[in-house]
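K.L.:
The lines below spell out each chain.
6 protein chains.
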Amino acid sequence: MFYTDNKLQFPVRVETPDPQFARALQQAIGGVEGEIRVAMQYFFQACGARGNPKFRDLLMNTAAEELGHIEMLATAVALNLEGAPVSIKEEIAADPVSSAILGGINMKNLLSAGLSAMPVDSDGVPFNMSHIYASGNIAADMTANVAAESTGRVLATRLYNLTKDPGMKEMLAYMIARDTMHQNQWLAALEELGGPTNVFPIPNSFPQEQENQDFSYAFLGFQADGSDPVAGRWSTGKSLDGKGQYTSRPMRPLGDEPVLGPAKPNSGAQTEQL
Amino acid sequence: MFYTDNKLQFPVRVETPDPQFARALQQAIGGVEGEIRVAMQYFFQACGARGNPKFRDLLMNTAAEELGHIEMLATAVALNLEGAPVSIKEEIAADPVSSAILGGINMKNLLSAGLSAMPVDSDGVPFNMSHIYASGNIAADMTANVAAESTGRVLATRLYNLTKDPGMKEMLAYMIARDTMHQNQWLAALEELGGPTNVFPIPNSFPQEQENQDFSYAFLGFQADGSDPVAGRWSTGKSLDGKGQYTSRPMRPLGDEPVLGPAKPNSGAQTEQL
Amino acid sequence: MFYTDNKLQFPVRVETPDPQFARALQQAIGGVEGEIRVAMQYFFQACGARGNPKFRDLLMNTAAEELGHIEMLATAVALNLEGAPVSIKEEIAADPVSSAILGGINMKNLLSAGLSAMPVDSDGVPFNMSHIYASGNIAADMTANVAAESTGRVLATRLYNLTKDPGMKEMLAYMIARDTMHQNQWLAALEELGGPTNVFPIPNSFPQEQENQDFSYAFLGFQADGSDPVAGRWSTGKSLDGKGQYTSRPMRPLGDEPVLGPAKPNSGAQTEQL
Amino acid sequence: MFYTDNKLQFPVRVETPDPQFARALQQAIGGVEGEIRVAMQYFFQACGARGNPKFRDLLMNTAAEELGHIEMLATAVALNLEGAPVSIKEEIAADPVSSAILGGINMKNLLSAGLSAMPVDSDGVPFNMSHIYASGNIAADMTANVAAESTGRVLATRLYNLTKDPGMKEMLAYMIARDTMHQNQWLAALEELGGPTNVFPIPNSFPQEQENQDFSYAFLGFQADGSDPVAGRWSTGKSLDGKGQYTSRPMRPLGDEPVLGPAKPNSGAQTEQL
Amino acid sequence: MFYTDNKLQFPVRVETPDPQFARALQQAIGGVEGEIRVAMQYFFQACGARGNPKFRDLLMNTAAEELGHIEMLATAVALNLEGAPVSIKEEIAADPVSSAILGGINMKNLLSAGLSAMPVDSDGVPFNMSHIYASGNIAADMTANVAAESTGRVLATRLYNLTKDPGMKEMLAYMIARDTMHQNQWLAALEELGGPTNVFPIPNSFPQEQENQDFSYAFLGFQADGSDPVAGRWSTGKSLDGKGQYTSRPMRPLGDEPVLGPAKPNSGAQTEQL
Amino acid sequence: MFYTDNKLQFPVRVETPDPQFARALQQAIGGVEGEIRVAMQYFFQACGARGNPKFRDLLMNTAAEELGHIEMLATAVALNLEGAPVSIKEEIAADPVSSAILGGINMKNLLSAGLSAMPVDSDGVPFNMSHIYASGNIAADMTANVAAESTGRVLATRLYNLTKDPGMKEMLAYMIARDTMHQNQWLAALEELGGPTNVFPIPNSFPQEQENQDFSYAFLGFQADGSDPVAGRWSTGKSLDGKGQYTSRPMRPLGDEPVLGPAKPNSGAQTEQL
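Chains as they are written, first to last, in the UniProt record's numbering: chain A, 1 to 274; chain B, 1 to 274; chain C, 1 to 274; chain D, 1 to 274; chain E, 1 to 274; chain F, 1 to 274.
There's no promise every hint is true.
If chains are identical, the list can't say which one is meant, so a pair holds when it fits in one copy or spans any two.
Here are the simulated BS3-like pairs of lysine-lysine, each with C-alpha atoms no more than 27 Å apart in a straight line [what the hints assert, rightly or not]: (1) LYS169 x LYS7; (2) LYS54 x LYS264; (3) LYS238 x LYS7; (4) LYS238 x LYS264; (5) LYS54 x LYS238; (6) LYS54 x LYS169; (7) LYS164 x LYS264; (8) LYS7 x LYS164; (9) LYS7 x LYS264; (10) LYS243 x LYS264; (11) LYS164 x LYS238; (12) LYS264 x LYS169; (13) LYS243 x LYS169; (14) LYS7 x LYS243; (15) LYS164 x LYS54.
FYI, nobody ran anything at the bench for these hints, they're computed from the structure.
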């Protein structure tokens with residue numbers, strides 16, 4: 001169950017409204033690296049968490065935090081959009097700066113939302129909830145969370161570099177710090193699950209003797225000339241999961257050309273396929 | 001540039017066609033954990049790889065491998081669909097097994113594709129390329145790849161448990177092994193980039209003194225009663241990135257209730273909002 | 001800012017797990033009439049609310065409630081999915097009931113989520129955030145909310161009729177009651193805004209003398225034989241917004257056939273179009 | 001069955017082509033508040049209308065009208081796009097106005113459609129037919145239609161304010177008037193169905209004694225400090241559906257923390273979850 | 001401008017309602033080969049038709065026909081859904097036929113639409129208007145229309161084979177015939193445009209001397225072993241557009257490995273990439 | 001199985017980076033006329049090809065080619081994006097050219113991908129794999145391929161006209177030539193299948209005596225005034241498939257107004273509908 005107090009987690013102020021920056025901020029709301037994604041991802045992972053209940057609590061707690069981040073960003077978008085024109089006056093047509101502003105925003109922020117935030121990315125594409133990764137495997141979920149916070153912090157630093165507004169920089173400096181913690185938080189959860197050598201390969205409950213172990217630690221090459229693939233830590237030495245030795249070799253096809261045979265009668269094929 | 005030899009990377013055979021299993025296999029083609037996703041993700045990461053060129057080669061090489069996996073799975077789907085009915089005969093209406101088969105497949109595999117594979121998931125939802133994570137940050141990409149292969153292997157083991165066809169088990173045992181390697185491969189790439197304490201927080205090129213460091217390693221609580229959040233590795237000790245000490249505390253709002261003020265004239269609001 | 005207490009708003013219990021009903025419940029999570037939709041819609045409307053701040057508070061308060069409803073439903077889905085098979089045994093192939101169960105669930109609930117809930121509808125289609133209507137016009141938002149709760153309650157009663165599990169009936173009886181209130185709540189908000197004759201036509205800030213008033217209260221007919229369109233309350237009497245008199249008449253084209261003229265050179269058209 | 005006469009319902013003329021305004025107009029074609037949405041929504045509601053057949057006729061008649069509105073807008077988009085450049089000449093690179101024009105249009109209107117309209121919104125996002133609300137409940141459909149026409153008219157007035165072209169203003173003045181009527185038309189249909197006290201709660205066929213009536217007219221508070229939620233018409237007095245009395249109180253969790261228990265063997269979970 | 005007469009273009013009757021067939025019919029409404037697609041495609045092509053106005057008329061006329069086909073199919077879906085259960089009774093749980101029916105339908109047809117048609121495909125995926133191909137090139141549009149009617153007729157014959165209801169067979173026999181005509185109609189339009197040797201390559205307005213003519217009629221091989229690609233009509237003889245001679249040869253890379261160089265500072269990359 | 005050699009099929013060079021042109025090029029990667037579409041379409045058609053295996057080889061060979069085209073374009077996008085700003089400096093706000101550049105790019109190319117290519121179109125909309133047409137009917141597939149290459153070449157010529165960079169013109173001149181060949185290649189495949197009179201109507205395996213032959217070659221008119229539809233090659237003469245004679249006549253409804261009757265009890269309808 002959720003509660004609110006109508007206050008912002010961290011102050012949001014904009015000294016000089018910048019509609020183009022509002023557009024950029026939309027990526028942090030409705031982009032695949034954005035806050036809706038992490039809020040809902042942690043929420044659904046929590047709802048499906050089986051086993052030790054502390055992971056449910058950890059996840060739901062941080063879901064609550066991320067909801068507050070969407071709220072902050074939505075406020076920031078609305079404040080930045082105050083600078084956008086809502087009606088055309090004679091002067092604007094001849095003024096390249098105003099014209100560029102109108103051309104440079106997400107039109108929907110104006111036309112659909114009346115200068116407010118929307119759950120869309122910086123090009124106006126709505127967020128799609130297929131991006132909520134909640135696998136039922138707690139370790140896979142944690143790796144997905146590390147990945148989400150990594151792209152999330154990359155985005156936040158790009159936004160930080162795109163603005164010179166002190167209020168916006170302050171807000172983003174807070175959010176970047178939270179992304180630092182969240183990367184570390186999910187890495188810590190993987191530690192609690194035993195660290196890399198216990199966690200991997202995910203899922204660790206599948207008996208590895210049932211997989212085709214000739215291929216479990218081989219870096220295979222798919223170079224057209226049959227040469228060895230590029231060497232690196234992935235080619236030699238003990239595997240990171242601690243359960244094998246990396247090798248490297250070119251791959252050659254083990255199967256033949258697949259033949260499906262003729263099409264069934266009444267299956268809508270051409271006569272030539274029957 | 002890409003080449004093909006029309007052969008399968010690994011043999012694909014189906015002893016007893018099972019249209020419902022064809023539906024399940026579609027998840028491994030067009031699901032968000034599927035092979036289109038990884039093939040295209042590695043491909044686009046390779047195309048955008050800046051810095052040391054060996055990561056481009058590593059990524060493009062494995063993209064080529066994954067393309068062959070789609071091909072294997074598509075063949076497996078078509079072979080399993082051979083068991084689906086394409087026309088209704090008198091007997092079928094009264095036959096619950098046949099009826100369930102027709103109800104249990106992705107209808108589009110029959111109606112749109114004529115008993116062949118499609119780039120859709122196990123519920124018939126087409127793959128959307130927004131799932132291709134290619135961030136321009138090589139470490140963020142590698143964490144995304146570890147995550148992708150983790151959910152990928154979870155899916156493959158679920159499929160393995162859902163079939164008793166020896167051919168299908170063999171194919172999946174190969175694919176599970178490849179997922180084992182790919183998890184290890186991307187973990188190895190992170191090692192090459194310096195391992196956790198160098199890699200994190202991602203991006204490591206952002207000066208941490210510019211983030212709000214009061215919040216960089218604090219596990220914040222959002223419990224309604226103001227209590228401390230659930231304790232764990234994330235609450236105490238050295239942070240996994242090696243750059244801080246975890247702490248834990250309840251969060252309280254630092255901002256006020258946001259007030260946007262009245263709406264602009266001519267902005268499509270109600271008069272009461274102006 | 002949001003908080004949680006990890007408890008459920010209302011008890012969720014399932015006496016007899018029913019995987020097909022889990023599929024149906026998914027509609028109430030990720031369907032367009034579902035709880036993600038209302039939670040996020042009220043949230044974004046709150047974030048963009050300009051004018052009297054009490055609407056912001058009203059909306060955000062109810063957003064918090066709806067988040068708890070998603071949590072309840074996600075729990076219900078997971079509990080119902082306990083009845084689904086995760087591995088194929090010899091007996092199942094010959095057993096039409098088990099086979100129908102597997103065919104009748106959203107495959108992704110099993111394959112992607114490991115028997116947990118997902119933000120998808122009852123056919124496995126992910127929720128798309130374009131369904132969040134937050135227009136910047138408070139009255140338009142309230143009508144959208146009445147509509148959302150109307151389809152929401154229709155859905156909840158359909159679900160109620162599809163289950164005989166006492167726990168599920170109890171949970172849905174609670175949710176149906178909340179939908180009753182929410183319909184009434186948004187209707188009350190429209191009353192606060194002055195009721196129909198003040199609120200409509202939305203937006204009431206646009207001067208009606210600028211619209212083409214010959215057509216503002218005319219029910220136009222588009223019957224092929226030029227006859228009058230079907231009569232009703234919409235054809236005669238005072239208009240519901242109190243500002244006009246309904247009339248009714250067949251429509252005839254006032255414009256000519258549109259002619260775009262030739263295509264531009266270099267615009268990719270056929271030579272015949274230039 | 002449908003017919004056409006190749007003429008426009010209302011004249012469409014553009015004195016000064018404005019490619020950026022073409023982009024804005026796309027919202028009225030393929031936006032969620034646009035004409036495709038209402039045309040198809042009324043069409044599908046008509047096709048599924050059960051009970052009194054006059055609602056089918058009412059809906060299908062207005063579906064025909066809206067198809068003509070798409071045609072008008074598509075013509076307007078094409079005429080406005082006449083002003084867009086299709087080839088780059090030396091001068092353009094140095095000319096900020098031309099450059100802004102190219103940057104400010106939907107690129108697809110040029111690249112995919114050759115300076116014609118598309119079924120996309122003002123940011124180039126294709127319309128998705130999930131926005132067609134046709135619930136099988138005639139009253140829910142009518143509330144959805146009121147909502148659609150409310151956001152539709154808000155959009156049309158925003159477009160009206162964004163142009164100074166007399167032809168475009170004339171066309172939009174006609175469309176705004178039609179939206180006025182359509183809001184009133186669907187409100188009238190709700191009157192025919194008995195008005196608010198008969199219509200609500202939707203569906204009115206569900207016996208209210210089966211819902212949990214302790215919660216049917218209570219405005220519940222989800223404030224973190226346990227305080228009462230914001231007061232208003234929704235807190236006291238007779239409910240708008242005439243069947244209850246509004247009350248208001250803070251909500252506290254009635255359920256416990258949900259516990260799903262351990263994961264099933266073979267379900268792809270980590271060993272720690274079993 | 002469009003008109004309706006509320007009658008069906010061709011009689012629609014269902015002797016024995018079959019909810020699973022209703023699901024299959026949905027593909028012909030909201031599938032990518034379905035009637036919404038062609039109706040809207042011809043409509044938008046008409047709206048953007050430049051040059052000889054007879055193509056506008058041809059397209060809009062057939063758009064009107066296709067709207068009537070959606071209406072027929074939507075009626076057929078609703079009539080077939082009459083056979084679906086809307087409430088669970090004791091007996092059903094133990095009855096595999098009823099259970100399979102419920103599992104085998106699109107759940108949304110019941111839960112969202114109350115046993116009516118929806119603009120979704122046979123797996124419940126909503127139609128997306130990105131499938132409306134309207135290129136601004138009349139010949140490209142006509143080839144897209146031939147393709148659309150080809151997959152459309154394939155689908156219709158598959159549906160014909162999946163039903164034994166005489167009413168449904170009659171309706172589909174009509175629709176298959178219309179698809180025959182529409183394939184021929186768009187082929188005839190290509191004849192009017194001059195036939196293959198005038199029409200191709202599309203667009204014929206681009207001067208072929210500006211393309212790299214070494215590659216204009218060469219069938220290139222991408223076989224891993226450098227062998228010639230499979231021979232056929234595409235390897236030798238006069239090209240179908242009458243403007244070249246087919247040749248065939250293996251392709252070898254003409255470019256080097258692409259090198260993007262280091263990432264920009266402040267671009268969110270890892271330090272190692274700078 | 002697929003291989004790579006890390007080299008480009010054709011050289012890609014950019015003399016003057018142009019971020020707006022990068023945006024335009026994205027259409028050729030992730031647009032519905034783009035290279036992902038054809039690569040994946042040929043791939044899936046190959047995987048589902050039944051009957052003569054040479055079509056599988058033909059398709060898979062060209063799929064390999066198209067993968068290399070995506071690679072070329074992705075490289076071109078990254079090179080053009082080198083010109084985009086990644087941080088805001090004082091001067092930029094006052095500089096309309098820089099501001100227009102930032103407003104005119106796909107924001108995601110910067111924010112999500114760090115100045116690299118993405119699988120999205122020129123307005124930032126991700127490619128959706130529902131556009132992969134692979135019908136199981138080889139002739140329908142070939143017509144879809146002709147259509148894909150027709151819109152593909154139209155797009156490529158538009159891009160050619162939008163740039164004056166010699167490197168980009170060279171690359172596009174190569175791609176336009178390949179589209180010329182591919183149009184001819186698929187036309188040749190239709191010739192191998194017997195040419196128009198054998199191929200059409202697709203599918204040619206459906207016995208035409210089962211369709212309603214009164215309507216197989218009739219161009220039907222849907223003009224509101226009952227007049228004959230526009231005349232052309234489609235109205236008279238032998239049909240292009242060689243199996244009928246075109247005729248033309250107005251259509252009149254053969255069915256009545258559809259009546260669905262009352263709604264079922266418990267189906268969520270209003271009482272008035274029961």
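K.L.:
Look at each hint and say if it fits the structure.
P.N.:
Structure-based check of each hint:
1. In this assembly of identical chains, LYS169 and LYS7 lie within 27 Å of each other by CA distance solely inside one copy; the values are 20 Å within and 36 Å between copies.
2. Proximity of LYS54 to LYS264 under the C-alpha cut-off of 27 Å is restricted to the inter-copy arrangement: shortest distance 19 Å between copies versus 54 Å within a copy.
3. In this assembly of identical chains, LYS238 and LYS7 lie within 27 Å of each other by CA distance neither inside one copy nor across copies; the values are 51 Å within and 32 Å between.
4. Taking the closest pair of Cα atoms, LYS238 and LYS264 never come within 27 Å of each other, the shortest separation being 51 Å inside a single copy and 32 Å across copies.
5. Taking identical chains as interchangeable, the C-alpha atoms of LYS54 and LYS238 lie at most 27 Å apart only when they sit on different chains, with a minimum of 20 Å there against 33 Å within one chain.
6. In this assembly of identical chains, LYS54 and LYS169 lie within 27 Å of each other by CA distance neither inside one copy nor across copies; the values are 35 Å within and 30 Å between.
7. In this homomeric assembly, LYS164 and LYS264 come within 27 Å of each other (Cα to Cα) only across copies, at 19 Å, whereas the closest approach inside a single copy is 66 Å.
8. Taking the closest pair of Cα atoms, LYS7 and LYS164 come within 27 Å of each other only inside a single copy of the chain (25 Å); across copies the shortest separation is 41 Å, beyond that limit.
9. In this assembly of identical chains, the alpha carbons of LYS7 and LYS264 lie at most 27 Å apart only when taken from different copies (24 Å versus 65 Å within one copy).
10. Only between protomers do LYS243 and LYS264 lie at most 27 Å apart by alpha-carbon distance; the minimum there is 25 Å, versus 47 Å within a single protomer.
11. For a Cα distance limit of 27 Å, the shortest separation of LYS164 from LYS238 qualifies neither inside one copy, at 47 Å, nor across copies, at 34 Å.
12. When the C-alpha separation of LYS264 and LYS169 is checked against a cutoff of 27 Å, the pair qualifies only between copies, where the shortest distance is 21 Å, while the shortest distance within a copy is 64 Å.
13. Taking identical chains as interchangeable, the C-alpha atoms of LYS243 and LYS169 lie at most 27 Å apart only when they sit on different chains, with a minimum of 23 Å there against 46 Å within one chain.
14. When the C-alpha separation of LYS7 and LYS243 is checked against a cutoff of 27 Å, the pair qualifies neither within a copy, at 50 Å, nor between copies, at 31 Å.
15. For the identical chains of this complex, LYS164 and LYS54 are neighbours neither inside a copy (41 Å) nor across copies (33 Å), given an alpha-carbon limit of 27 Å.
Going down the numbered hints, you'll see the structure goes against 3, 4, 6, 11, 14, 15, while the others check out.
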